[in-house]
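Novice: Starting from the given sequences, assemble the full structure and let the hints guide the process.
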Amino acid sequence: NAGVTQTPKFQVLKTGQSMTLQCAQDMNHEYMSWYRQDPGMGLRLIHYSVGAGITDQGEVPNGYNVSRSTTEDFPLRLLSAAPSQTSVYFCASSYGGTGGYGYTFGSGTRLTVV
Amino acid sequence: AQSVTQLGSHVSVSEGALVLLRCNYSSSVPPYLFWYVQYPNQGLQLLLKYTSAATLVKGINGFEAEFKKSETSFHLTKPSAHMSDAAEYFCAVRSSGATNKLIFGTGTLLAVQP
Numbered sequence: 009n010a011g012v013t014q015t016p017k018f019q020v021l022k023t024g025q026s027m028t029l030q031c032a033q034d035m036n037h038e039y040m041s042w043y044r045q046d047p048g049m050g051l052r053l054i055h056y057s058v059g060a061g062i063t064d065q066g067e068v069p070n071g072y073n074v075s076r077s078t079t080e081d082f083p084l085r086l087l088s089a090a091p092s093q094t095s096v097y098f099c100a101s102s103y104g105g106t107g108g109y110g111y112t113f114g115s116g117t118r119l120t121v122v
Numbered sequence: 011a012q013s014v015t016q017l018g019s020h021v022s023v024s025e026g027a028l029v030l031l032r033c034n035y036s037s038s039v040p041p042y043l044f045w046y047v048q049y050p051n052q053g054l055q056l057l058l059k060y061t062s063a064a065t066l067v068k069g070i071n072g073f074e075a076e077f078k079k080s081e082t083s084f085h086l087t088k089p090s091a092h093m094s095d096a097a098e099y100f101c102a103v104r105s106s107g108a109t110n111k112l113i114f115g116t117g118t119l120l121a122v123q124p
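Chains as they are written, first to last, in the working numbering: chain P, 9 to 122; chain B, 11 to 124.
Honestly, the hints are just simulated from the structure, not real lab data. Incorrect hints may have been included.
Claimed, not checked - Going by beta-carbon spacing under 7 angstroms, a handful of chain P positions derived as facing chain B:
1. 50
2. 104
3. 108
4. 110
5. 113
6. 116
What the hints assert, rightly or not - Chain B is nowhere near these chain P residues, computed Cβ spacing over 10 angstroms in every case:
7. 79
8. 92
9. 105
10. 114
Said to hold, decoys possible - Now the in silico label distances, taken between C-beta atoms and shown as ranges:
11. 49/B with 15/P: 17 to 25 angstroms
12. 87/P with 64/B: 40 to 48 angstroms
13. 51/B with 103/P: 25 to 33 angstroms
14. 26/P with 64/B: 43 to 51 angstroms
15. 78/P with 50/B: 30 to 38 angstroms
Being a predicted model, the structure only gives us computed values, none of them experimental. Note that beta-carbon positions come from the ideal geometry of N, C-alpha and C, so glycine has one too.
Specialist: See below:
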């Protein structure tokens, strides 16, 4: 049982380049989310999905795009990288419903935009 | 909108001393509350969660938290700190509504002095 798998672990981009951060889970979780972590700001929600084909914006969605074509995968696309997007990105997944389930996190992608 | 506030971005304790990390929440509906721990260069690990079953919640590694509705608090405690407890701790609130978004506080970095 791999849990939540994120690739790559590290990435350096030049300003203006685009890339996709991959996230896959094998727990049949309905809910998936992307967060960015910056010093002193905690984890901020970028985009989230409540099921295949359904996505919505979090608190910091600008410059990012997502899609959810399958239950397992939730890629995050950076359309035109900017230095302000230098951060650590975490993908997380959870069961839905009213059970108060916790989210399971991936190990993160450390992105530097130069 | 739901939110959490963590008082104290840095907390330092001596080994063997009480650990108290503060979290206050804001929620218009009954909340689910979580504490996560992040060790250096790692992802987030669930310490414990409150889902309305019991107000005193016990988690891993000897941590516990008490839900106090009158104070809108969910403080994390451990009777005796260990060097291995040094990490960053995040409080989070999850909506019991349809979106189930998980919203984090800004984190508290715990240092344990020998």
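Novice: Close enough to count: is the Cβ of residue 116/P nearer than 7 angstroms to one in chain B?
Specialist: holds (6 angstroms)
Novice: Closer than 7 angstroms between Cβ atoms is the bar; does residue 108/P clear it against chain B? Give me holds or violated.
Specialist: holds (3 angstroms)
Novice: When the nearest CB of chain B is found for residue 113/P, is that gap smaller than 7 angstroms?
Specialist: holds (4 angstroms)
Novice: Grab the minimum C-beta distance from residue 50/P to chain B and call the hint holds if it beats 7 angstroms, violated otherwise.
Specialist: holds (4 angstroms)
Novice: Please verify that the nearest CB of chain B lies beyond 10 angstroms from residue 92/P's CB.
Specialist: Label holds. Min Cβ-Cβ 18 angstroms, cutoff 10 angstroms.
Novice: Checking the smallest CB distance to chain B, is residue 105/P really beyond 10 angstroms?
Specialist: violated (8 angstroms)
Novice: When you take the CB atoms of residue 49/B and residue 15/P, is the distance between them in 17 to 25 angstroms?
Specialist: holds (21 angstroms)
Novice: Please verify that hint: residue 104/P, Cβ, nearest Cβ of chain B, below 7 angstroms or not.
Specialist: Since the shortest Cβ distance to chain B is 6 angstroms, the answer is holds.
Novice: Do residue 51/B and residue 103/P keep their Cβ atoms within the hinted range of 25 to 33 angstroms?
Specialist: holds (28 angstroms)
Novice: In this structure, is the beta-carbon distance linking residue 78/P and residue 50/B contained in 30 to 38 angstroms?
Specialist: Because 33 angstroms falls inside the window, the suggested range holds.
Novice: If you check the beta carbons of residue 26/P and residue 64/B, does the distance land in 43 to 51 angstroms?
Specialist: holds (48 angstroms)
Novice: Taking 40 to 48 angstroms as the hint, is the beta-carbon distance of residue 87/P and residue 64/B inside that range?
Specialist: holds (46 angstroms)
Of the numbered hints stated above, those contradicted by the structure are hints 9, 10, listed in ascending order.
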